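A.B. asks: Letter by letter, the chains look like this.
Protein chains: 2
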Amino acid sequence: MESGVYMELMSQQRRFSGSVGIVGLGLIGGSLGLDLQSLGWHVHGLVHRESTAERARVRGLADEVSTDPQVLANCELVILALPLAQLLSPEPALLHALPETAVVTDVGSVKAPVLKVWSQLHPRFVASHPMAGTAEAGVEAGLLGLFEHRPWVATPDHRTDPEALEVVHQLAMALGSQWLTADAESHDQAVALISHMPVLVSAALLRAAGAQSDPAVFDLAKALASTGFADTTRVGGGNPQLGTAMAATNTAAILRGLQDYRQSLEQLEALVVAGQWSALQAELERTHELRPGFLAASDGLKPQP
Amino acid sequence: MESGVYMELMSQQRRFSGSVGIVGLGLIGGSLGLDLQSLGWHVHGLVHRESTAERARVRGLADEVSTDPQVLANCELVILALPLAQLLSPEPALLHALPETAVVTDVGSVKAPVLKVWSQLHPRFVASHPMAGTAEAGVEAGLLGLFEHRPWVATPDHRTDPEALEVVHQLAMALGSQWLTADAESHDQAVALISHMPVLVSAALLRAAGAQSDPAVFDLAKALASTGFADTTRVGGGNPQLGTAMAATNTAAILRGLQDYRQSLEQLEALVVAGQWSALQAELERTHELRPGFLAASDGLKPQP
Numbered sequence: 017m018e019s020g021v022y023m024e025l026m027s028q029q030r031r032f033s034g035s036v037g038i039v040g041l042g043l044i045g046g047s048l049g050l051d052l053q054s055l056g057w058h059v060h061g062l063v064h065r066e067s068t069a070e071r072a073r074v075r076g077l078a079d080e081v082s083t084d085p086q087v088l089a090n091c092e093l094v095i096l097a098l099p100l101a102q103l104l105s106p107e108p109a110l111l112h113a114l115p116e117t118a119v120v121t122d123v124g125s126v127k128a129p130v131l132k133v134w135s136q137l138h139p140r141f142v143a144s145h146p147m148a149g150t151a152e153a154g155v156e157a158g159l160l161g162l163f164e165h166r167p168w169v170a171t172p173d174h175r176t177d178p179e180a181l182e183v184v185h186q187l188a189m190a191l192g193s194q195w196l197t198a199d200a201e202s203h204d205q206a207v208a209l210i211s212h213m214p215v216l217v218s219a220a221l222l223r224a225a226g227a228q229s230d231p232a233v234f235d236l237a238k239a240l241a242s243t244g245f246a247d248t249t250r251v252g253g254g255n256p257q258l259g260t261a262m263a264a265t266n267t268a269a270i271l272r273g274l275q276d277y278r279q280s281l282e283q284l285e286a287l288v289v290a291g292q293w294s295a296l297q298a299e300l301e302r303t304h305e306l307r308p309g310f311l312a313a314s315d316g317l318k319p320q321p
Numbered sequence: 017m018e019s020g021v022y023m024e025l026m027s028q029q030r031r032f033s034g035s036v037g038i039v040g041l042g043l044i045g046g047s048l049g050l051d052l053q054s055l056g057w058h059v060h061g062l063v064h065r066e067s068t069a070e071r072a073r074v075r076g077l078a079d080e081v082s083t084d085p086q087v088l089a090n091c092e093l094v095i096l097a098l099p100l101a102q103l104l105s106p107e108p109a110l111l112h113a114l115p116e117t118a119v120v121t122d123v124g125s126v127k128a129p130v131l132k133v134w135s136q137l138h139p140r141f142v143a144s145h146p147m148a149g150t151a152e153a154g155v156e157a158g159l160l161g162l163f164e165h166r167p168w169v170a171t172p173d174h175r176t177d178p179e180a181l182e183v184v185h186q187l188a189m190a191l192g193s194q195w196l197t198a199d200a201e202s203h204d205q206a207v208a209l210i211s212h213m214p215v216l217v218s219a220a221l222l223r224a225a226g227a228q229s230d231p232a233v234f235d236l237a238k239a240l241a242s243t244g245f246a247d248t249t250r251v252g253g254g255n256p257q258l259g260t261a262m263a264a265t266n267t268a269a270i271l272r273g274l275q276d277y278r279q280s281l282e283q284l285e286a287l288v289v290a291g292q293w294s295a296l297q298a299e300l301e302r303t304h305e306l307r308p309g310f311l312a313a314s315d316g317l318k319p320q321p
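Those protein sequences? They're chains A and B, same order as listed. For the first sequence, the working numbering begins at 17 and goes up steadily by one. For the second sequence, the working numbering begins at 17 and goes up steadily by one.
The hints are simulated quantities; they were obtained by calculation from the structure and are not laboratory data. Since no wrong hints were added, every one of them can be taken at face value.
Computed footprint of chain B on chain A, listed as stretches where at least three residues anywhere in the stretch have a Cβ under 8 Å from a Cβ of chain B:
no. : region
1   : 252 to 260
2   : 264 to 272
Part of the chain A face toward chain B, derived, beta carbon under 8 Å:
no. : residue
3   : PRO214
4   : LEU216
5   : ALA225
6   : ASP230
7   : LEU236
8   : ASP247
9   : TYR277
10  : LEU296
11  : LEU306
Since the structure is predicted, the reported quantities are computational estimates derived from the model, not experimental observations. Ideal Cβ placement from N, Cα and C applies to all residues, glycine included.
The shape of chain A in the complex, shown without the other chains (with noise of 0.2 Å):
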């Protein structure tokens, strides 16, 4: 069995034809089940409610679909895509039905205390992400090809069984991901620099705008903002439940992020106070020259409006 699905995936020349289970048929979950249904995969579909579940076989998101755990009975990988809370919460239901043999895997943002759990409920557990857009969500958001070209960080440690590793490994590959992994405290410190700080960042420019108490000056702003004001703030004007649940689980990461963030902005701060301009423009051309450097992961990604 072990070996079974290992062979599947790695001979990527002809048509897949394991199981795989899916949990949650929301974006991350539903465009897997697409992906993995072209590639070949028979895919069983878990969700909660009926109700989803009748939504998903209308968009052909799995080749079966229930609220049942016990469509999972044989599954050869198993791939965890719950909302964080219920991810590290997971009922006594899901963890009886998972087939012991069978590779576990998860699409959490956060992955230390994803590890943590789970390392201790599933002996071929393995900590992933696969870093896709996140602006839709629910049954009706998944699409084809939403992992190409995106990166996918498995983040395993010493318990990480390395035969279910690669297994994840072709499954990102097949799927068209970059594989990247690492350990899973620095994934974490990465994420929230890059992904769940900006949310807090962006959203306290949102409120600062928002609190203006002069009602010409509030109503100037309202009409002059543009396209820099947009990008500015669209992370902090986006999916509310998401930016919480990425601050309450990857909280101290995002704490010790934003303390640097906070030093950061008082340096620049410190320079306008003093009209220290010529350090100012040293300071903007550095993160001119910076910014390029962060854009590799998103080049060919459409922006957002």
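Mind docking chain B on chain A? Use the hints.
C.D. replies: Frame of chain A; chain B shown alone:
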């Protein structure tokens, strides 16, 4: 003479035949030159260097391009499209060449200091600010139709000649802009909030990410940064000269904005520290609802890379 240019601009049905001077043929000046020629104006461009004049002639940014301020001699309307520093310390030769009867306006992104200087320098000065894109700069950047559907704010005070103001109003309308008037202080506070302060907020995020001392985290952050980070850092990685000029000329408003911003961020951080997740979610729901009100002016504008 005074009513000449006014009548020209009022009768938009027929082609104009007046003479307009444009001082500086960069993105804004060059775009004005192209638009005004297409509307039938005779455009006189004044630039600093002969090499710039040659490029401006090749690009057809004006009917006549010179490095000699006397090129403005017969203009009924002169538009100062200079960088803020030069606008605030105009050269004596330029001041000497401005016809006293001409309407004089500017395009600077900060208005109170400009109004203060120029209301002393010319009797028919009108402070104005067309809000058009600034990603590109220089004599190669100007393009037709840049001002269409974009806000054009004038900031008159009690010293402003009403007829001169109306000339600038008609200019803005002829170019397809959305006309607004405001007092200079409200304008400056509004643009500090939605344009100048975001540069620092955004640059501070790049600096915080760039200052990571752990190379594993730094490399991972670069590899994983996606559209969210790209958007939030776009203005902070923009034109360093422009960001510095804004900070140097709109200092007080930016510092007030930064004070509000810091308080706003600290409130969010306090919720994270205290683990008040439902309160954090309520705040993120509020920013989610706030943002669309700030997007009206950028509707239909293309997002930038």
